Amino acid sequence: MVSAFQVMLYQVTFGLPTIILFVPAIATMRARQDLWLSVFVATLIGFAAVFTAAKLALRFPEETVIQYTPRLLGKFFGKAVGFLYIFTFFLIGAIVLRSFGELMTTAFFPETPIIVFLGILTLLACYVVYLDLEVLCRLITLWGVFGISFFIILALLLKDIEIGRFLPLLEHGIGPVIAEAIAPAGCCVGAALILMVLPFMSDKHRALRNGLLAVFILFGFMMLVAVPIIGTLGAESVSRYLFPYLTLYRRIHLVTLPVLERQDPIIMGIWIGGLLWKLGIVMHAGLLGLGQWLGLRSYRPLIFPAGAFLVALSIQGWESVIDLFTSLGEVSAPFLFLPFMILPALLLLVAVARGIRGKR
Amino acid sequence: MVYVFLVVLFYAVVSYFEVPRMLKHNMRREFYTFIAVCILGFVLAAGQILDLPLPNVMKGIETVVRPVYKAVEGLLLPPELRP
Amino acid sequence: MRRRLAKKLKDLLVQSKKPKWPGKQPTVPPEPAPGVPDKVWEPAELKRMPVSPDLTANIRLIKEIMARNTDFVLREFAVGPQQVPAALAYASALVERVQLNSHILKSLMLEYPPDLPVSLAPVREQVVTVAETEELADFWQVVAALLAGKAALFLPGESRALGLDVRGCEGRAISEAETEGVVRGPRDAFVENIEQNVMLIRRRIKTPNLVMEKFVLGRLTQSAVVLGYIKGLAAPELVREVRERVKRIDTDAVLESNTIEEMIVDYPLSLFPQVITTERPDRAAAALAEGRVVLITDTTPFAVILPVTLASLLQSPEDFYHPAGISTAIRWLRYLAFLASVLASPLYVAITTFHQEMIPFKLLLSVAAAREGVPLPAVMEALVMEAVFELLREAGVRLPRPVGQAVSIVGALVIGEAAVMAGAVSPLMVIVVAGAGIASFATPAYELAIPMRLLRFPMILLAGTLGLFGLTAGLLAILIHLAGMRSFGIPYLAPLAPTKFSELKDVFWRTPLWAMRTRPETAKRDWYRQAVPKPGPPPEEKG
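Chains as they are written, first to last, in my numbering: chain A, 1 to 360; chain B, 1 to 83; chain C, 1 to 543.
Hints are computed from structural coordinates only; laboratory data are not their basis. Treat the hints with care, since some could be wrong.
Unchecked claim - Calculated pairs, BS3-like style, for lysine-lysine (alpha carbon to alpha carbon, straight line, at most 30 Å):
{"hint": "1", "chain 1": "B", "residue 1": "59", "chain 2": "A", "residue 2": "79"}
{"hint": "2", "chain 1": "A", "residue 1": "204", "chain 2": "C", "residue 2": "500"}
{"hint": "3", "chain 1": "A", "residue 1": "75", "chain 2": "A", "residue 2": "55"}
{"hint": "4", "chain 1": "C", "residue 1": "247", "chain 2": "A", "residue 2": "159"}
{"hint": "5", "chain 1": "C", "residue 1": "206", "chain 2": "C", "residue 2": "247"}
{"hint": "6", "chain 1": "A", "residue 1": "204", "chain 2": "C", "residue 2": "505"}
{"hint": "7", "chain 1": "C", "residue 1": "500", "chain 2": "A", "residue 2": "55"}
{"hint": "8", "chain 1": "A", "residue 1": "75", "chain 2": "B", "residue 2": "59"}
Stated by the list, open to error - Quick partial rundown of chain B residues pointing at chain A, CB under 7 Å, derived from the structure:
{"hint": "9", "residue": "18"}
{"hint": "10", "residue": "33"}
{"hint": "11", "residue": "37"}
{"hint": "12", "residue": "40"}
{"hint": "13", "residue": "48"}
{"hint": "14", "residue": "58"}
{"hint": "15", "residue": "69"}
Please read these numbers as outputs of a predicted model, since none were measured by experiment. For glycine and all other residues, C-beta sits at the position ideal for the given N, C-alpha and C.
Assemble the whole structure, with the sequences as input and the hints as a guide.
Right, dumping it as structure tokens:
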């Protein structure tokens with residue numbers, strides 16, 4: 001059993017690592033200096049997604065989405081939708097793994113083969129999943145304490161922010177702002193993961209409120225990333241960097257505390273943790289879903305083979321880091337709307353229309 | 001080739017720990033799923049190592065999603081920003 | 001000269017050709033002692049042998065059972081003026097002679113009332129002036145009583161023997177705690193005698209709700225193990241679970257509390273301690289007052305406290321004997337030391353090998369200057385230094401005390417100084433390793449310091465191969481392991497993860513005692529611990 005507070009952090013962790021490191025580069029391509037406006041749009045989309053998902057999940061408080069779709073849509077379509085969810089989780093897992101490996105090889109260890117990083121991260125994630133959801137949530141809470149403290153360092157950049165870099169406002173109208181909200185929104189809608197964890201929550205009545213709160217926290221972090229990035233580096237250069245946030249971090253100098261010249265390896269450490277929990281979240285959700293989809297008694301034996309499968313999938317999926325980035329912005333992020341926003345809305349409609357409710 | 005051997009070794013180790021436990025508890029379905037996932041992962045890995053032509057799932061999604069994305073983009077972006 | 005040498009060599013050769021082992025020697029069966037059968041007495045067999053009304057039969061049997069034991073005494077005498085034969089059995093080393101002489105033998109032989117019939121009940125009720133007596137029905141009970149230091153009185157015509165408690169064991173006097181020193185706070189420590197240990201706790205907690213349940217464990221040692229808890233504070237499920245697990249133990253010897261600990265913990269293969277081991281009665285009493293459970297084992301001064309969390313392992317009893325602010329500062333120092341004990345040398349290795357850009361330029365210069373001419377890579381250097389440090393520590397513990405000092409001087413001054421002078425290791429490495437070593441001794445729980453020191457080695461290897469990434473991965477693995485553990489139902493990282501905000505008052509800082517209004521999670525059943533207002537001067541008088 002996990003508490004609503006833990007589930008909230010779980011939802012935040014699902015979006016945060018990707019938002020911090022990858023989204024700015026993708027989203028600045030066309031929204032330019034209006035990135036912070038895109039953040040608002042993305043948050044609104046996130047609110048909508050988490051609202052539908054929570055409403056749907058609260059109709060079936062003791063089941064996951066995999067379990068009740070066959071009752072809603074009939075055996076065949078229900079199972080198909082269930083498979084789509086499982087597939088989505090594994091897809092996100094592969095994306096997470098590959099982007100992690102690419103970050104490590106491009107930014108820190110150019111000579112080490114990528115498989116080393118993928119292997120180690122997957123093994124750790126398998127270990128977490130083996131210990132189950134409760135431990136995963138505990139780790140997420142613990143990491144939150146560390147992680148948030150390191151964002152405070154960003155306050156040192158306040159002096160570098162120039163308002164002029166945010167102008168002109170809405171240079172090309174509202175269209176590009178909405179178009180480029182898709183990538184950050186793709187991470188925000190992940191808060192719909194409540195569909196998989198609601199049965200394990202101890203105080204279910206808080207699911208909706210805490211889900212919305214999670215999206216709001218994500219909004220705060222997105223602003224914390226978007227504003228300093230555009231304000232200090234300028235939209236022009238941000239769109240050229242692969243990892244603008246890391247570049248931003250490399251600018252920080254602590255003159256009064258001349259112990260560490262650069263903090264980016266530290267932020268890397270924090271970020272590895274966040275990404276590991278994200279991988280753990282999707283692996284747990286995917287394996288739990290797979291187990292329920294096939295009616296297994298336990299998904300534990302599948303953890304390590306599934307980890308190996310994920311590694312193989314992540315290496316096979318994209319040719320290069322450029323391929324990964326374009327696909328993140330143009331394929332993966334829009335694709336996530338299907339399972340996390342469109343499908344829950346449809347399922348909710350069907351459930352209301354057919355008057356189906358889960359057991360209390 | 002060394003990598004294939006390593007992958008096989010990994011699966012052997014995992015099976016050594018997991019299979020007896022599954023058989024002891026008489027978990028047939030789990031066992032079949034385990035084998036299926038193992039084979040799937042092995043085929044993917046071996047295909048990657050030996051450069052075999054395998055279908056790429058990501059490309060599959062791409063063919064479906066990209067047109068939709070482009071259409072939405074076309075609606076939203078002003079003409080001077082369209083690629 | 002040469003001839004002599006040749007002869008010697010020849011002798012040697014000839015000697016070496018001799019068969020090394022004599023042929024199989026005829027085995028001589030051990031001669032059975034005349035008259036006394038060398039019988040092995042099984043407890044089940046003894047339990048089936050009741051004490052018979054026939055005195056001579058009893059004497060014969062007990063002599064047979066205790067055959068060849070020089071410290072076993074069987075005193076036959078006649079009771080009072082009635083001159084009824086009787087026998088008193090005891091183990092001479094375990095009893096107190098004065099009590100035996102004056103309270104039992106004297107009152108039975110000289111002061112026995114003439115008109116009183118000689119049988120068990122009147123003897124017990126009116127003659128023997130011993131506080132604890134018990135009736136022994138079979139020889140298992142008789143033997144158990146004898147070996148526990150009691151005397152057994154056999155009377156004719158009685159199918160029971162009388163066990164008389166005249167225990168008088170020599171033990172160590174209560175002295176200062178060796179492993180958990182404090183500057184301020186009580187000085188007494190547990191000793192090997194369980195009754196004194198129970199006394200030390202009872203003197204601190206005077207409530208009838210303090211329960212001390214006794215178990216007898218160990219087939220051979222028959223050690224007493226006491227389970228202490230406060231009714232109404234400790235969770236009943238916890239007490240039940242501990243009782244069940246302790247009862248399940250069935251082993252030959254229980255000599256130290258570790259035997260109990262290892263057989264009842266949740267994760268027997270984990271490196272990390274899952275109980276608090278303490279020799280301080282004040283710590284045990286504080287744990288009881290927090291609703292925890294204490295296990296005291298006979299013949300060892302170390303008591304075991306359950307359940308445990310990482311935060312409680314990093315607390316020292318002294319935290320509560322100093323002002324809150326100072327305790328908080330010291331506690332944070334300790335936390336940092338705890339982290340440094342595992343992280344210092346891996347961090348040094350990772351940063352100097354992979355992330356030189358993190359080091360400020362001036363420091364980088366001195367690091368480079370220090371590392372110049374050192375033949376080993378930083379990883380190997382760190383591993384060797386850590387190994388040497390561990391060696392010195394272990395040697396310091398094992399050697400006789402006067403020699404131990406010599407070892408530490410030789411190790412620290414001679415080897416360290418010489419190694420640096422010779423350029424085998426860099427002075428910075430020595431500083432880092434020594435600092436980490438000192439930091440590991442600042443960890444209040446010795447059991448927690450050991451796994452941290454052990455984990456340094458894989459961490460150094462990871463840091464040396466994958467830099468900070470390897471270090472982070474190693475740390476994450478440790479963290480996952482810790483987060484996955486439970487100690488008797490309480491998560492190991494308890495107030496931190498899962499987060500209990502009200503519990504953090506004793507983790508991140510030491511809340512002033514008057515502000516610690518609520519009891520900790522382990523004693524949640526009764527919520528408020530005190531009702532003290534914030535202390536301060538009396539309000540000023542008006543007008």
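Verification of the supplied hints:
no.: 1; hint: B/59 <-> A/79; verdict: 23 Å, holds
no.: 2; hint: A/204 <-> C/500; verdict: 19 Å, holds
no.: 3; hint: A/75 <-> A/55; verdict: 23 Å, holds
no.: 4; hint: C/247 <-> A/159; verdict: 67 Å, violated
no.: 5; hint: C/206 <-> C/247; verdict: 27 Å, holds
no.: 6; hint: A/204 <-> C/505; verdict: 28 Å, holds
no.: 7; hint: C/500 <-> A/55; verdict: 28 Å, holds
no.: 8; hint: A/75 <-> B/59; verdict: 29 Å, holds
no.: 9; hint: 18; verdict: 4 Å, holds
no.: 10; hint: 33; verdict: 6 Å, holds
no.: 11; hint: 37; verdict: 4 Å, holds
no.: 12; hint: 40; verdict: 6 Å, holds
no.: 13; hint: 48; verdict: 5 Å, holds
no.: 14; hint: 58; verdict: 4 Å, holds
no.: 15; hint: 69; verdict: 5 Å, holds
Violation of the numbered hints given earlier is confined to hint 4; every other hint is satisfied by the structure.
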